[in-house]
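Novice: Chain by chain, the residues run as shown.
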Amino acid sequence: MYVAVKGGEAAIRNAHKLLADRRRGDRSVPTLRLDQIVEQLALGADRVMSEGSLYDRELAALAIVQARGDMIEAIFLVRAYRTTLPRFGYTRAIDTGTMLVERRVSATYKDLPGGQLLGPTFDYTHRLLDPELAAGGEVAEPEQRAGEAEAMPRVSAILAREGLIESDGDMPEDHVPGDITREPLAFPMARDIRLQALSRGDEGFLLALGYSTQRGYARNHPFVGEVRIGEVELALDVPELPFAVPLGSIRVTECQMVNQFKGSAKAPPQFTRGYGLVFGQSERKAMAMALCDRALRASELGEDVVAAAQDEEFVISHSDNVQATGFVEHLKLPHYVDFQAELDLVRRMRAEHDARENAGKAEEKREAAE
Amino acid sequence: MRGQEARDQAERKAVMATLAQSTGDDIVRLWNEAGLPSEAELLRGPETGLVTVRGRIGGGGAPFNIGEAAVTRATVRLASGQVGHCYALGRDKQKARLAAIADALWQDPAHRNEVEARLVAPLRAALAKARDQRRAETAATKVDFFTMVRGED
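Chains A and B supply the protein sequences, listed in that same order.
Using our numbering, you'd call the opening residue of the first sequence number 87 and step up by one each time.
Using our numbering, you'd call the opening residue of the second sequence number 54 and step up by one each time.
There may be inaccurate statements among the hints.
[Stated by the list, open to error] One side of the interface only, derived from the structure: several residues of chain A facing chain B at Cβ under 7 Å:
| hint | residue |
| --- | --- |
| 1 | 142 |
| 2 | 333 |
| 3 | 422 |
No lab work stands behind these hints: they were computed from the structure.
Built from N, CA and C at the ideal position, the CB exists for glycine as well.
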């Protein structure tokens, strides 16, 4: 027999009202505007766009406010919103070689064409809290340096000239890129599908796995061939126009990781590569993604799969923080009936256990008496 | 004729790119200043949807899906018959409608010069200025390596 129990409507209603109140906080403090978040918490909005898998700054900002700054909750909100929109199509593949670069560094070549452009980086700051920011002082305009725009080829193109590095990842001619938003995950999976999952994967999870490869679990001696951040143009093929229609630009971060490789039965000694590409400005995520991409290519390159970061099913099945939080957090929802059943079972087992123990003791006593 | 058609298409595409890159506020402001006609029959939208953004493995290899981006599109028809389209990143419906009208007006020989001069040219100039400034600001963070000479020899 199944007995449904209802209740809690008023409690839920009042809880959500309380949530709205606490979200607003002290009414004497001005309300946050979305443009303030877009402008001043830009990297937070970028993370929500990347892991929410939806490029829209204002929506990311709204999600952050609605979630009271809880990033995974904000990502959840964005993912949910995505499902309400129709799909217009797949864009032409972006060309990161023609990016309007805002930052570009290489750890492998000092003097590469286009140079090392530090851009708006936290690197080389002293990580000292700045009381002037708390005081809200004026900020000076940035420096400018005139000069012709130099072409900035991807570093992989430079390495490729010597033939000591593998080419960009190719797929068979007739391969249609997989889409995890359309097809359920299936293992083993092709690299293109893995990259889609990694690009929306949880930054913390990928960071920890990438770190584990550096510490010796699936060690593969990485160098940052290049990290670049900047804007790329999007174009979409539509039936009503004879050309790919330009949609505007988005900011992305790309990481080319170059890894030592001693060669195997399948491949000669050469540098191999891991690739990272994410929405917004997030080089930590792009680098972690590239480390994981390379580790997950173990089977393809004939390496032994010995570490968590090389285990495709483990990594990809647990990289999505919306799925992860859903399953972990559901544990707090009412499980009264499940628990009653378990309680009943444990009581019965305990009774049987006690009965066995008592019987054993009685037997011992009897033997002792004899 | 073939060449002319290709040139027209390239120009139209460049106009659409400029409109897509520009903000709705800038388009509305210039539209009002120029007094361009904003009457048109809406054939579709404005409606917001998603496009799936693609990248390439390693930068130049096989394509893969990165994630989605919000796009708003509109299609309009002028009384004179020209049909205009807009697809632009974001969720600005007014921008999409005006950009579609601009695309239609641009195809109308009676309006092309006006659209080019009063709307597209100033937008293009503003975008170029912003791009140049961004480049110059980034260029100021370029590392100039120099060699430290140590010892006597």
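Novice: Hint by hint, note whether the structure agrees.
Specialist: Comparing the hints with the structure gives:
1. 142: holds, 4 Å
2. 333: holds, 5 Å
3. 422: violated, 39 Å
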